[in-house]
Every structure is written in C-alpha cells, then in structure tokens.
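Chemist: For chain A, the structure is supplied; the task is to place chain B on it using the hints.
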Amino acid sequence: MDRVKDQSIGIILLLDLFPQKIQSEILNDHKFCRENGIVADTLIELPNRISRFQRSKLYKILKKCFLNQDECFLLTDKNNVEWKLSSRCIKSKIIIEMKQDSTIYNLDCFWILNPCVDERIKRLQKECKSRLLPTRDIEKWTSTFSENDIEDYVINEFEEDLANTPYGKSIELMEAMKIGKSTYESLVPQKLKYYERLVGVYSHSENIVEYTNNELEQHLKELFSNSYYSALSVTFLLSSHTSILTALKQITHNKQELLKYYDWAIINGDLISQIGLIEFGFQLLNEYPEIEPKLEKLVNIFLNEETKLQKIKLQLLSALIVFVEGELSQTKVFNGFPPFYRKLASISHASLIFRCALKNHVKLKEFADNIIDIRKLNYYCQSLVDMKLEPRWHPEYLEHNQLKNEFLGRIINSFDRNKDKIKSESLKNLLKINIQKVQNENLSGVFLPGPLEGNLEPLKLSTELIGIIEANLATGESSPKSLLPLINLASFRCIDEKYISKISKILREAKHILADTENDKAPYILDGLAKLAALTRSTELSEEVIILSRRYRYYLNVNECPEQILATYITSAAAFEDHEEWLMYIGNCINELAYLPLTKNGINSLFAWLKVLVLIEPKLRCTCGKAIEIIKVLKRS
Amino acid sequence: MKALILKLENIKTENDKKLYFQWVEEYVIEPLKIDNPLNYEKFLISIKKLIVNVSKKQLPPEVEDK
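Chain order of the listed sequences is A and B.
With the first letter of the first sequence counted as 1, position 137 gets the number 137 in our numbering; the numbers rise by one all the way through.
Just so we're on the same page, our numbering is the position in the second sequence counted from 1, plus 1000.
For reference, chain A alone in the conformation it holds in the complex (with noise of 0.2 Å):
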C-alpha cells in the first residue's frame, strides 16, 4: 500500500517537472490516474458558466443536499464567493437550488448524485435513451451507477460519454456559437467514437452500399430502439447516399413523428436531411399519402426556388463539409478507415453544424467564407490521395455548384424510380420540366459519382457510345475531338482498356504535341487525361501524362504555381494500385518539381502541399524526401 502511495508522490513530483499543458493531459487521463492511485480534484464549471468549484466540494454538498432536502448548505467557489445549496422537489424531480444574495440558479443537472439509486438508475436510462447511446454502453453506465458509492472521476466520465453524442455535441455547438467562441476541436470532435455513434461502427464493407446492408442496417436498428423523432433526427444527417434512404426503409415508421419532423425540416432542416427526405418520401407515398405536400414543398425549395439564399446554404455546406474532412484529415482520426466511411461522417457531421448555425440564426454567408479557407489544403490533398482507393471522386466535385447538380440527379432519379406513386400534377410537372432542362441544357454534373462513390462500379457503355469513341479514334489525332468523348465519359461509364492504350498510343505517335489545341488549353487536356488514367487504373497512360506535362510545363505556369500541376500528377498516380508504385510514381514527379526554377510564390507553395502531403502519408517522405530538404533551403534562402 505504501510502496503505491510512494509510486503515486513521486508521479505528482515528476509531473511538475513538465509544462502545464502536459501535466493537464496527463492528469485528465482517467485511466493513467486509476491505475496510479492517483486521484484528480477537477474544476468543475456549472452551466452557462455561473461559476466554478472544487469537485470533491461540491460533489460532497450535492450529496448532502439530496440526502437533506430543504436544508441550506455553504460552499465558497474557486473566487471566494459563498453560495447556498439546497435541493426541492418539483414535479417529482429533485432540484438543485443555488442561491448567491439575490440570484438563484435552479439545477437539474445533478440528478446523477442522487443517493437514491432506484431513482438515479430511472433517470440514467431516461437519459441515456434520450442521447440515444448504444444499448450496450447504457447496461455498462446502469450497472456502475448501481453501486451506492460512485467515485468522482466516474461521473465525469459518464458526463463525458453523455456529451459524446450528436445530441451532446449539438448541444455543445450551439453554446459555442451563442458565445461565439470555438476551437476547431470544439467544431470537429476528435473521438471516434463520436462519429460511430452517428454513423455506426465499421466493421469490413468495401464499399458504401455494403456498409449500409451490413453496418449500417444494425446501427439504424440501434438508434431506432430508443426515441423515434431523436433517431430520425440523426437518421436523416446521414443522407448522403440514397442507399441509405432505401436502408431506412425497412425501419417501423410511426406516421405522425414522420409527418412532424417533415414540418420541421421544411423550415429548420440543413441541405442534407432536406434531400434525404425527398428521396424518402418518394418511396414511401403509396404507403403516407399525407407525405406528398409536403414533399413538393421539399422539392420546390431545390427546383423552383433559385433564391439567394439556397445558393448561400450550398456555398456553406460546401465550406463545412472542407473544414470537417480537412480537420479529420489533419487529425488522423480516421487513420486506417476507408475513404467513403470518414466522408459519411464528415458529412454527417457538417450537417449537424449547418443546422446549429440555422437554428442559433448564424450569418450563413460569413460563416461560409470564414471557414471556408481553414482547412482546404488539408481537404485538397486528402481527397486526392482518397483516390487511390476510390478513383470515381474528384475533389473539385465538391464545388457548390457540382453539390447542386448532385441533389438535382439524386432528385431526378427518385422520381424516375417513383413516378407512377405521384398524384400531383404540379410536382411531376416540376419534375419533368427541370428533366427537360438537364437535357437541353447538357448538365454533365448532375450524373458525376457522389462524395460516397468513389469505389463504385460505373455502367457498362451503350453501343451507341462505343461508335461515337471508335469513331473519334480512329481519326489517330491527339486532339481534344478524338479525347475528350473519352475523358468526358470515363465519369460515368466502364471504359475498355483497349481505348485507353490506343490514347496513350495516339499520344506517343504525335511526339506527345496536342493537335488542335491552343496551348492554354492544354492543363485542361491534361488533367483531364489525369482522371482518365486514374478512372482506368492506366499505369501507361499515366506516364504519358508525366511527358506531356514537360512539353506543356510552360503554359501550365509551374515556376509560379507547380502545385496545380502537382494535383495532376496525384490525380494520375491513382493509376497505381500497388502501394510502392504509387509512392514512387508522386516521389519521382516531386522530385521533377523541386529541381525547376520556382518563384519565391512557387516554393512557398509546394513547401506547404509536401507540408500536407508527408502528414497524410508519411511514407512519401522515403520518395520525395530529397525534394523537401531542397525546397526548406530554397524557402529559407
């Protein structure tokens, strides 16, 4: 025993031998404190910042007071001031009053201490469904909470675990943008388990669609067990893939809650929910009927209303699913998950903040342009590696203007799938007109692979489409009428490896010069070829991008901004499946980079994307190592 209290002592005086910022860390890990014998007295902080006190004080008066009720008791905070405990019973709950001269604060926040532990277990359960907290973490926190004596770090604990939650971090968020202080942590959790708790625990699918047969499916059954408008509510900010919406299907639906959350979502709703409840509501109208106003008030806000506003909210929740994904990116908290799992989240949770700033009334347009910027080279580069594994998605895809053609395709698709459920001849005209437009206007966008689709497979093509390409090829000329059908259409379709190799055979016949091209064309063709390579997994073509990329180097301005060729050259190294190759591939073209005349802008900018680059894969530094140390005596010469 004392050979533990010794080892605890001298753990107390070691930690004073490191900055404060260590020693908080250290001391705020529980688990490191328990097996230490080392017990932490926090500072606990009441709500709304009223005022902050000892912990085992406080704790200790919070007893008393539940055991003694109406009984005044003291307690002095951290700046000396006295206040007078007591507890109440109102409407069979028990409240903490706290009363400082002529100011008194009722709290129902303690219920937690109540020395009753039938009560607090009824209460616990009460909230932890309410929180919508997994089945099993409710059986772990009810059986601790059974024991008469509960230590105080276990409460903190339990606090912590409640506020892990989206309710807990919308709550969290909504304080923050009141005050209108928060830290990036503050906006994008830095815990796992945050994040399965709004999209569920991966487990092995390989994709979106498996995830959500597989992982998903149990995570829905899980939320859906407690509250249904709660579960509904974090449902619907997972809306960023209609499988999802088909998944949701399978749920026992209570009619008015639905009916209640559509009224509600039709003015408070972020983009996301908004969305996913069309796509919802068009499958279930045989089943709800009541749904279809309501729907095409939903719809009319994407279709018909071309308002200043919807553009702001595209601009935003473009702005937050960058600052999210950037974040996690620089965080690694999804180090080692699939692409398409973390942009779920990220998504999921950009839309939690998008519906706290519209519910606390933020400046949707600031808030955009204020977050925009913060995080974008961390998203940029991300995405471009994403590639690897899920070529289909391009960074630039997330552009509010591609956002709004992805709701308008998910929107038309819905409705072709769906058409003869629609009464209204109003909404199917709505409908069929902005089909009309798709055509005549020729928006490619609205059939681009959504964020989640990177590693889906794409169509087969038509013969109709196989004529149109056979027949720009045959031509044998590197122009941008024999590419770009091509490059065009490698978006959207399975495209024969066969073409591919005549292109790059095209290529190398032409001596690598693009006929019929003005030279400030040719970043477009190029990187264009890029996304070909990397759609295809064309390791040849790829290296013919590398010897283009030379003889358009000036046109492309690479002295002053080789970092728009350098994403062209990540784009294109998702040709490489095999880990080393593609480490080498991005190795060989940086190195080409660092040796070229760059401008002072030009280093300061590649130094800051290798910055980013080696932080999200630290195995470049073993090919591109050299380049850095040239580029930091470069930066500092």
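The set of hints was computed from the structure by calculation and includes no laboratory data.
All residues carry an ideal CB built from backbone N, CA and C; glycine is no exception.
Do not take every clue at face value.
Claimed, not checked - Here are the simulated SDA-like pairs of lysine to any residue, each with C-alpha atoms no more than 20 Å apart in a straight line:
1) 99(A) <-> 86(A)
2) 1018(B) <-> 23(A)
3) 1017(B) <-> 23(A)
4) 332(A) <-> 1040(B)
5) 64(A) <-> 95(A)
6) 619(A) <-> 1037(B)
7) 311(A) <-> 404(A)
8) 1048(B) <-> 376(A)
9) 611(A) <-> 1018(B)
10) 1018(B) <-> 14(A)
11) 376(A) <-> 1034(B)
12) 60(A) <-> 76(A)
13) 1048(B) <-> 86(A)
14) 1048(B) <-> 23(A)
15) 31(A) <-> 1048(B)
16) 1056(B) <-> 35(A)
17) 255(A) <-> 228(A)
18) 1033(B) <-> 377(A)
19) 332(A) <-> 1043(B)
Said to hold, decoys possible - In silico contact screen, one side only, chain A against chain B (beta carbon under 8 Å); selected entries:
20) 7
21) 11
22) 15
23) 21
24) 22
25) 25
26) 27
27) 32
28) 331
Modeler: For chain B alone, coordinates are given in the frame of chain A:
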C-alpha cells in the same frame, strides 16, 4: 523529449522554469499537437511511461530522507 528535460539542468530559478515551459508549449507542444496529432499522442504515451518508470525506482536514501 529527453532533450527537453535535459535542458532543465540549466534552469536555476522558478522564473527560468516558467519562461522555458512557455517556450516549450508555444514552439514545441502546440505545433506538434496541430501538425502531427499522432506523434503528439505517442509523445504523451512516452512521457507517461517515463514518469511511471522513474516513479517505480527506489530513491537514494539521501533524497528519501529529504
């Protein structure tokens, strides 16, 4: 990490210590936490291990008496 601790040998007063820790927090810990959270986590783990290992060692009698 050892380099950071070794520096303490040159610190004579409480004020030196305060200034040194301010510098460590600003220029070492914060950038590490932001730029490389995984290494920051590893850094914390190794500090915890070091503290536990040192605390388990028997102190020399002259120190223990103090």
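Chemist: Evaluate each hint against the coordinates.
Modeler: How the hints compare with the structure:
About 9 Å separates the Cα atoms of residue 99(A) and residue 86(A), which keeps this hinted pair within 20 Å; it holds. For the hint pairing residue 1018(B) with residue 23(A), the CA-to-CA distance comes to about 14 Å; that is within 20 Å, so the pair holds. For the proposed pair residue 1017(B) and residue 23(A), the alpha carbon gap of about 15 Å is at most 20 Å, so the pair holds. A threshold of 20 Å between alpha carbons decides the hint, and for residue 332(A) with residue 1040(B) the separation of about 12 Å falls inside it, so the pair holds.
About 13 Å separates the Cα atoms of residue 64(A) and residue 95(A), which keeps this hinted pair within 20 Å; it holds. The suggested pairing of residue 619(A) with residue 1037(B) holds, with an alpha-carbon distance near 17 Å, which does not exceed 20 Å. The hinted pair formed by residue 311(A) and residue 404(A) meets the criterion: a straight-line CA distance of about 9 Å does not exceed 20 Å. Between residue 1048(B) and residue 376(A) the alpha-carbon distance is near 35 Å, which puts this suggested pair outside the 20 Å criterion.
Using a Cα cut-off of 20 Å, the hinted pair residue 611(A) and residue 1018(B) is violated, with the two alpha carbons roughly 31 Å apart. Under the criterion of a C-alpha separation no larger than 20 Å, the hint pairing residue 1018(B) with residue 14(A) is consistent with the structure, at around 16 Å. Under the criterion of a C-alpha separation no larger than 20 Å, the hint pairing residue 376(A) with residue 1034(B) is consistent with the structure, at around 15 Å. Straight-line distance between C-alpha atoms of residue 60(A) and residue 76(A) comes to about 13 Å, which keeps the hinted pair within the 20 Å bound.
A threshold of 20 Å between alpha carbons decides the hint, and for residue 1048(B) with residue 86(A) the separation of about 41 Å lies outside it, so the pair is violated. Distance check on the hinted pair: residue 1048(B) and residue 23(A) sit about 10 Å apart at the alpha-carbon level, within 20 Å; holds. With a C-alpha separation of about 12 Å, the suggested pairing of residue 31(A) with residue 1048(B) holds against the 20 Å cut-off. With a CA separation close to 13 Å, the supplied pair residue 1056(B) and residue 35(A) stays within the 20 Å bound.
For the given pair, residue 255(A) sits about 11 Å from residue 228(A) by alpha-carbon distance, which is consistent with the 20 Å threshold. Distance hint between residue 1033(B) and residue 377(A) is fulfilled; the C-alpha atoms sit about 18 Å from each other, no more than 20 Å. At roughly 16 Å between alpha-carbon atoms, residue 332(A) and residue 1043(B) fall within 20 Å of each other, so this suggested pair holds. Hint status for residue 7(A): holds, given a least beta-carbon distance of 5 Å to chain B, under 8 Å.
For the restraint placing residue 11(A) at the interface with chain B, the shortest Cβ-Cβ distance is roughly 5 Å, inside the 8 Å limit, so the hint holds. For the restraint placing residue 15(A) at the interface with chain B, the shortest Cβ-Cβ distance is roughly 7 Å, inside the 8 Å limit, so the hint holds. For residue 21(A), the interface hint holds, the least distance from its beta-carbon to any beta-carbon of chain B being 5 Å, beneath 8 Å. Look at residue 22(A): its Cβ gets to within about 6 Å of chain B, closer than 8 Å, so that hint holds up.
At a threshold of 8 Å, the smallest CB-CB gap from residue 25(A) to chain B is about 6 Å, leaving the interface hint in force. Among the interface hints, the one on residue 27(A) is violated; its C-beta lies about 11 Å from the nearest C-beta in chain B, farther than the 8 Å criterion. Hint status for residue 32(A) relative to chain B: holds, with the closest Cβ pair at about 6 Å, below 8 Å. A cut of 8 Å between beta carbons decides the hint on residue 331(A): the least distance to chain B is about 5 Å, and the hint holds.
The structure does not agree with the numbered hints 8, 9, 13 and 26 stated previously, though it agrees with the rest.
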